[in-house]
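Trainee: Each protein sequence line maps, in turn, to chains A and B.
Take the first sequence: its position 204, counting from 1, is numbered 204 in the numbering used here, and each next residue is one higher.
Take the second sequence: its position 273, counting from 1, is numbered 273 in the numbering used here, and each next residue is one higher.
In short, the hints are calculated from the structure, not lab data.
Treat the hints loosely; a few may be bogus.
Said to hold, decoys possible - Short, incomplete list of chain B residues facing chain A, as computed with Cβ under 7 Å:
id, residue
1, Arg183
2, Ser184
3, Glu187
4, Ala188
5, Asp191
6, Gly193
7, Glu194
Claimed, not checked - Below, a sample of chain A positions facing chain B; criterion: calculated Cβ distance under 7 Å:
id, residue
8, Phe82
9, Asn103
10, Ser113
11, Ala115
12, His119
13, Phe128
14, Gly129
As the list claims (entries may be wrong) - Label pairs and their computed distance ranges (CB to CB):
id, chain 1, residue 1, chain 2, residue 2, range
15, A, Pro287, B, Arg100, 47 to 57 Å
16, B, Phe113, A, Tyr42, 37 to 47 Å
17, B, Asp253, A, His162, 47 to 57 Å
18, A, Pro67, B, Phe113, 45 to 55 Å
19, A, Tyr43, B, Pro112, 46 to 56 Å
20, A, Pro67, B, Arg100, 57 to 67 Å
21, B, Pro98, A, Glu239, 25 to 35 Å
22, B, Lys139, A, Asp45, 52 to 62 Å
23, A, Pro304, B, Pro112, 52 to 62 Å
24, A, Glu239, B, Ile106, 55 to 65 Å
Every value quoted in this text rests on a predicted model; they were computed, and no experiment measured them.
Note that CB positions come from ideal geometry on N, CA and C, so glycine has one too.
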Amino acid sequence: MTARNPSPAPVPKSGPARDEQGRPTPIGSRRAMIECRDVHKYYGDYHALRGIDLTIREAEFFSLLGPSGCGKTTLLRTIAGFEDISSGVVLIDGRDMAKVPANARPTNMVFQSYAIFPHLTVAQNVAFGLRRDPRSRAEKAAAVDEALAMVGLKGYGARAAHALSGGQRQRVALARALILKPKVLLLDEPLSALDRKMREQMQVELIKLQRQVGITFVLVTHDQEEALVMSDRIAVMFEGEIAQLSYPEELYSRPVSRRVADFIGMMNFMPVRILGETDAGVRVEVPGFGEFDIPAANVSRADPGDPGPSVGFRPEAVTILYRDAPAPHRETPGIIEEVVYYGDMTYYDVRLDGAERPVRISMRNVFGRDIQDLGTRTRVSWSPGSLILFR
Amino acid sequence: MASRSTEAGQGLRMIAPPLLYAVLMLAIPLLTILTFSFINDGYQTVIWEFTLENYAEVWADPIFRALMLRSLGVAVLVTLATVVLAFPVAYFLSFVVPPRRKAMWIFLITIPFWTSYLIRVFLWKVILGYNGVINSGLKSLGLIEQPLSFLLYNTGSIVVTLAHAYAPFAILPIYVALERIDRSLLEAGRDLGESRLMTFWRVTLPLAMPGVLAAVLIVFIPTMGDYVTPTLIGGGKIPMVANLIQKQMLAVDNKPLGSAIAVTAMVIVTLLAGLFLLLNRRFLRVRT
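With the hints as extra help, turn the sequences into a complete structure.
Mentor: Next up, the structure:
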């Protein structure tokens, strides 16, 4: 709802997934970094991963998004090597990981609990993975300082790890993983333990850091807003399967099923009567909107548990018309039944004439536009192209 | 003011029973021993004059020195054996036994405590003795002609007996320390490139150290002053410092000298324990 754009990250001159001018190359053209092919995982009788197929590309910020128990953490842990897979193939940078133990994989993990070693100092934590590094002691110390500076903890090296705050622990966990220059950084719900303000700050910092180091980040989260803000691409998972894998904007505007639409952001669902197929798409009748054609491109799947076919639209996909402004497309009258003021936005619950339940419509609060009162008769502007049919 | 004094009164009432217990059972006996150690001995009585002679005698006595050193040696050996053997058991209990079986395992480990310490010590005599389990077993197998006489009545048998008697005291604190280790720390160790063995060495062991230190003290201090085992298993031939105290107190009836030996031994153990904690203080500072 309040997702904001992070300020632009400093652009590295070169590095992975960038062309000669330092511009990032499109995700789709980059080489694969992680490939999962028909990955299954059983815990006894429980089928935790049900045929995962996905390709995560070089220097991509990829998110695994889903409710708890959907298998996203299990998938992350199979990539890290903490869980054996029951069948299928996991490749990292083209190499089969079947017989590679966790300590030999080119991945590093930021744990949900951060897993900072309480018996070591901050610097010792960061240097933990450098034991067999052939560099001299002084060079390693310099690398530790550099890693700490990168995560904004310059000068914290001598502190005891158990005396750090949650946000600082997370930075140490990041430095400890990134100092090893892994091909893939795995992040298991890294922001869930932080308060809201800290979380939003860390989201921005993580994006900047990822652009800066050019390492593939795989983030596990149950927070759809976090996934939308941070990711290049997102895989939405339900019950051990990937429901949809796409770019954030496509996931938001073109969800493949009602369940995905419901999980990502807010969506209004209305019952629909399907009248038949036409050249323009599907002819439907929706109480309140009347009879119209939904373009074929806007037709998605209904899930087995759905109460029949429905049409859905995002709160910002339709607008309330002020005074006698002309409707750009079609208009439908209704009555405002609830007003929720958010500062930058106002949410109106509007019952369209002829509809059973109100729909939620969001309006940006721009200068000179009044907040509408409860019970006001109003007009709603909409177009068939902003509606999605789930059938 | 009134409410504060009521609060203090409440607090006092609350701690009164343990306070009474501590005063009667710990403070008064200790103070009695301490007082006795500074007065003169008379025949079958004590002479109430302050003196440091008892301590001078203790420090000059070669027998005290020998027995103190033997007690320390035995305690060190017992502690080493107990902790080294207890660690794998505690590790197994914490990392291998599934959670729902842990209570049962702890229960099984404490079963030896159902019998008295004296009987447990005596059982070792039955096992190690001249006609004991080991000797008769070996004889019936035809491996030996004559019973082995070196099994009992020596320092080794004292160490074995004490190590067995104190095993649960070592297992439980180490187990508790291992249980408190966040398992994701071990995964982090692996994730950062270390093998299971190196992760154990660099993560598990340092984090288990508070438990190991507790086990060391819990075993070392009482074995140091053990009286029953040297008497029964050592057959009286290998007395330790507690036997010396007993002899002075009861057989010779020199209570001031006995008290001085007791206080000296106590001070030595306290200093050693303090030094041990000081050397290991970095392990105790860890908090999760």
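Trainee: Hint by hint, note whether the structure agrees.
Mentor: Outcome of the hint check:
Because the beta carbon of B/Arg183 sits about 9 Å from the nearest beta carbon in chain A, more than 7 Å, this interface hint is broken. Among the interface hints, the one on B/Ser184 holds; its C-beta lies about 4 Å from the nearest C-beta in chain A, closer than the 7 Å criterion. A least Cβ separation of about 6 Å between B/Glu187 and chain A falls short of the 7 Å threshold, and the interface hint therefore holds. The interface hint given for B/Ala188 is met, as the beta carbon of that residue sits about 4 Å from the closest beta carbon of chain A, less than 7 Å.
The beta carbon of B/Asp191 comes within 5 Å of a beta carbon in chain A, closer than 7 Å, and the hint placing it at the interface holds. Interface restraint check for B/Gly193: the shortest CB-CB distance to chain A comes to about 5 Å, inside 7 Å, so the restraint holds. Taking 7 Å as the C-beta cut-off, the interface hint given for B/Glu194 holds, the closest approach to chain A being about 6 Å. Checking A/Phe82 against chain B: minimum C-beta separation of about 6 Å stays under 7 Å; hint holds.
Proximity of A/Asn103 to chain B holds as hinted, the smallest CB-CB distance being about 5 Å (cut-off 7 Å). At a threshold of 7 Å, the smallest CB-CB gap from A/Ser113 to chain B is about 5 Å, leaving the interface hint in force. Given hint, A/Ala115 at the interface with chain B, holds; its Cβ is 4 Å from that chain's nearest Cβ, closer than 7 Å. Given the 7 Å rule on beta carbons, the hint for A/His119 holds: about 4 Å separates it from the nearest Cβ of chain B.
For the restraint placing A/Phe128 at the interface with chain B, the shortest Cβ-Cβ distance is roughly 5 Å, inside the 7 Å limit, so the hint holds. Contact between A/Gly129 and chain B, as hinted, is supported at the beta carbon level, the nearest pair being about 4 Å apart and thus within 7 Å. Between A/Pro287 and B/Arg100, the C-beta spacing of about 55 Å keeps the proposed range 47 to 57 Å intact. Our hint of 37 to 47 Å for B/Phe113 and A/Tyr42 holds, since their Cβ atoms are close to 43 Å apart.
Between B/Asp253 and A/His162 the CB atoms are about 56 Å apart, so this pair conforms to the stated range of 47 to 57 Å. One distance hint, 45 to 55 Å for the beta-carbon pair A/Pro67 and B/Phe113, holds here, with the actual separation near 49 Å. With their beta carbons about 38 Å apart, A/Tyr43 and B/Pro112 fall outside the hinted range of 46 to 56 Å. Separation of A/Pro67 from B/Arg100 is about 28 Å and departs from the stated range, judged on CB atoms against 57 to 67 Å.
The hinted range of 25 to 35 Å is satisfied by B/Pro98 and A/Glu239, whose Cβ atoms lie roughly 27 Å apart. In this structure the hint that B/Lys139 and A/Asp45 lie 52 to 62 Å apart at CB holds, the actual value being about 56 Å. Look at A/Pro304 against B/Pro112: about 59 Å separates their beta carbons, and that is inside 52 to 62 Å. Remark: the range hint 55 to 65 Å for A/Glu239 to B/Ile106 is contradicted by a beta-carbon distance near 38 Å.
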